[in-house]
Amino acid sequence: MIEITIGIAAITMFGMAVIMSYILGWANIKFHVEVDERVESVLEVLPGANCGGCGYLGCSEYAVAIATENAPVNRCPVGGENCAIQIASIMGVDVGKSVPSRPVIHCGANLKDRLGRTEYKGESRCAAANLVAGIQGCTFGCLGFGDCVIACKYDAMHIVEGLATVDYNKCIGCGACVKACPRSIISMADFNEDKIPSVLCSNMDKGKDVTTVCNRGCIGCKACVKVTDLFSMERDLARSNHSLYVSEQEGAALEAAKKCPSNCIGFVGRNPG
Amino acid sequence: MNYLIDIFLISLSAAIINNFIFYYFVGCCPFIGVSRRVDMAFGMGCAVTFVITIAAFLSWGITTMVLMPGAPLSSFIAGFFVSKESAATVDLIALSYIVYIFAIAFSVQFVEMYMRKFFPALYKSFGVFLPLITTNCAILFACLTIMSNVAGVENPADAWDLGRSLVFSFFGGVGFTIAIVIMAGIREELDLCDIPEPFKGAAITLIIGGIISLAFMGFTGVDSGIRNAITPVQEAAMLESVVPVQTAMVEPNLQQKIRGIND
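Here the protein sequences come in this chain order: H and Y.
So the first sequence is residues 1 to 273, counted in the numbering used here.
So the second sequence is residues 1 to 263, counted in the numbering used here.
Don't take every hint at face value.
Each computed DSS-like pair below joins lysine-lysine, with the alpha-carbon atoms no more than 27 Å apart [as the list claims (entries may be wrong)]:
#, chain 1, residue 1, chain 2, residue 2
1, Y, LYS124, H, LYS30
2, H, LYS179, H, LYS226
3, Y, LYS200, H, LYS153
4, H, LYS206, H, LYS258
5, H, LYS30, Y, LYS117
6, H, LYS222, H, LYS195
7, H, LYS208, H, LYS179
8, Y, LYS124, H, LYS179
9, H, LYS206, H, LYS170
Pairwise CB distance ranges (calculated) [as the list claims (entries may be wrong)]:
#, chain 1, residue 1, chain 2, residue 2, range
10, Y, GLY201, H, ALA17, 40 to 50 Å
11, Y, TYR97, H, SER89, 20 to 30 Å
12, Y, LEU192, H, TRP26, 23 to 33 Å
13, H, GLU61, Y, LEU190, 22 to 32 Å
14, H, PRO47, Y, LEU192, 18 to 28 Å
15, Y, PHE81, H, SER21, 50 to 60 Å
16, H, GLY48, Y, PHE81, 24 to 34 Å
Derived by calculation from the structure, the hints in this document are not laboratory data.
All residues carry an ideal CB built from backbone N, CA and C; glycine is no exception.
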């Protein structure tokens, strides 16, 4: 009797499998929906980091946007140019110019350059320290508690001598640090070359006020602006026009950096190789 | 009339009194996971109700046709090999778990394909929740409850028919929807509240779920009260055997005591 029960159990399972797979197979043909096959192939090319750097919710959403809404193909910061070329060949469009966008920290003063610091015993987060006045003289510069380090998922942010620094070899340009900084001293810049010149200061105060709070602050002397149009003035602060820079202007940029009395123009970017 | 009372009490008990989430604590995963916004929670509740009814239909059919002792299909096949009397004793209830999971997965797949073709907007709004229902224990629970009420009863006349099974599972899904929508409404308000950091997210949700569950305990006994109220006294003795699921859980002595007080 037990053999019969086992046999019928096997027949039952087998029969159910046959019937249900038959119905599902029939439904698969009957209810077939045309899916754009380009979505799948674009999704294969994308790196799958789901970082959101492109401005869409994830890689799959970006793939759908490329295939159906003609979204630009060069938005993926992780895959970079290589990825954009492959997507463009799938979609049959031109790549356009793809320039990596990376964060630049507009503060170059490490712990001993920042004057007027007092002891701070609160929660050691920039967002908390930014709420109280008087932790350091400069109200624009880096606080050095590393909210950007916590925000960075790629281990590309570090605090070196009390100053946030970007490891451009690890950075993929997702922009999480830009959002994390409560003082907004980090901004995204187009890197036409491996290294680009940048003004390492965010202090908009007059020169006299800047020198009392920082050894490396921009005093608004306009020396760099007179040398090259890579720099422009915004109130009493020099700003660098990152997207204008190409390698031929390296000499002019170096000269501007040399002329800067407070030495706050520097080259940022990854080391070649 | 008795049948209508039965249907009414089964639906009331499945939806409110013995709510799947607040009484049996099944289906807690989507209850915590998808109860962030009311519209999403309502969508999830509808999807569960939909799938649970189809799965109940399938599992009732499979149980009565194949699995239970003396089921027509299995005893027909066994009849080729052994005598009719012993063929009727073939018992495949041990297969119920795997067969029900099979049936649930099948119905979810089928529903997904159907919706993708004919209701693309609904399909898009369900998103990932529809495949997730495959592993939702509330649905397996409904199937197993139906199984125990079809194959596990002493008197064959008490066994649930298809109508009772479908009503039970449909209103179980309705109860699930009620629970998850209540939770989502509370959680939307919670976003504006000043919650201590360690309690944020799932922790406060679990605490609130526990408190709502306590509140739902207040419905206990409503069904037997209604049954006593609408059933004449002499018929009540006859109905003694047709005990709805929920009162079967109460210990017999206690039940008698309650009866005594009511009389």
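Beta-carbon spacing of GLU61 of chain H to LEU190 of chain Y - inside the hinted bounds 22 to 32 Å or not: Holds: the Cβ-Cβ distance is about 28 Å, inside 22 to 32 Å.
Cβ separation of GLY201 of chain Y and ALA17 of chain H, checked against the hinted range 40 to 50 Å: 42 Å, holds
Pair hint outcome, LYS206 of chain H versus LYS170 of chain H [Cα-Cα no greater than 27 Å]: 36 Å, violated
Agreement of LYS30 of chain H and LYS117 of chain Y with the hint, judged by alpha carbon distance not exceeding 27 Å: The given pair, whose Cα atoms are some 9 Å apart, holds under the 27 Å limit.
TRP26 of chain H and LEU192 of chain Y - C-beta distance against the hinted 23 to 33 Å: Roughly 50 Å apart at Cβ, these two residues miss the hinted range, so it is violated.
Beta-carbon spacing of GLY48 of chain H to PHE81 of chain Y - inside the hinted bounds 24 to 34 Å or not: Since GLY48 of chain H and PHE81 of chain Y have Cβ atoms about 55 Å apart, the given range 24 to 34 Å is violated.
Restraint check for LYS206 of chain H with LYS258 of chain H, where alpha carbons must lie at most 27 Å apart: 21 Å, holds
Pairwise hint evaluation, LYS153 of chain H against LYS200 of chain Y, where the allowed Cα distance is 27 Å at most: Since the Cα atoms of LYS200 of chain Y and LYS153 of chain H sit roughly 23 Å apart, the hinted pair holds (cutoff 27 Å).
Assessment of proposed distance window 18 to 28 Å (beta carbons of PRO47 of chain H, LEU192 of chain Y): 38 Å, violated
Hint check for SER89 of chain H and TYR97 of chain Y - Cβ pair distance inside 20 to 30 Å: At roughly 50 Å between Cβ atoms, SER89 of chain H and TYR97 of chain Y fall outside 20 to 30 Å, so the hint is violated.
Straight-line alpha-carbon gap LYS179 of chain H to LYS226 of chain H, limit 27 Å: 33 Å, violated
Satisfaction of hint between LYS195 of chain H and LYS222 of chain H, Cα-Cα up to 27 Å: OK: LYS222 of chain H and LYS195 of chain H at ~23 Å, within 27 Å.
The structure shown violates the earlier hints numbered 2, 7, 8, 9, 11, 12, 14, 15, 16.
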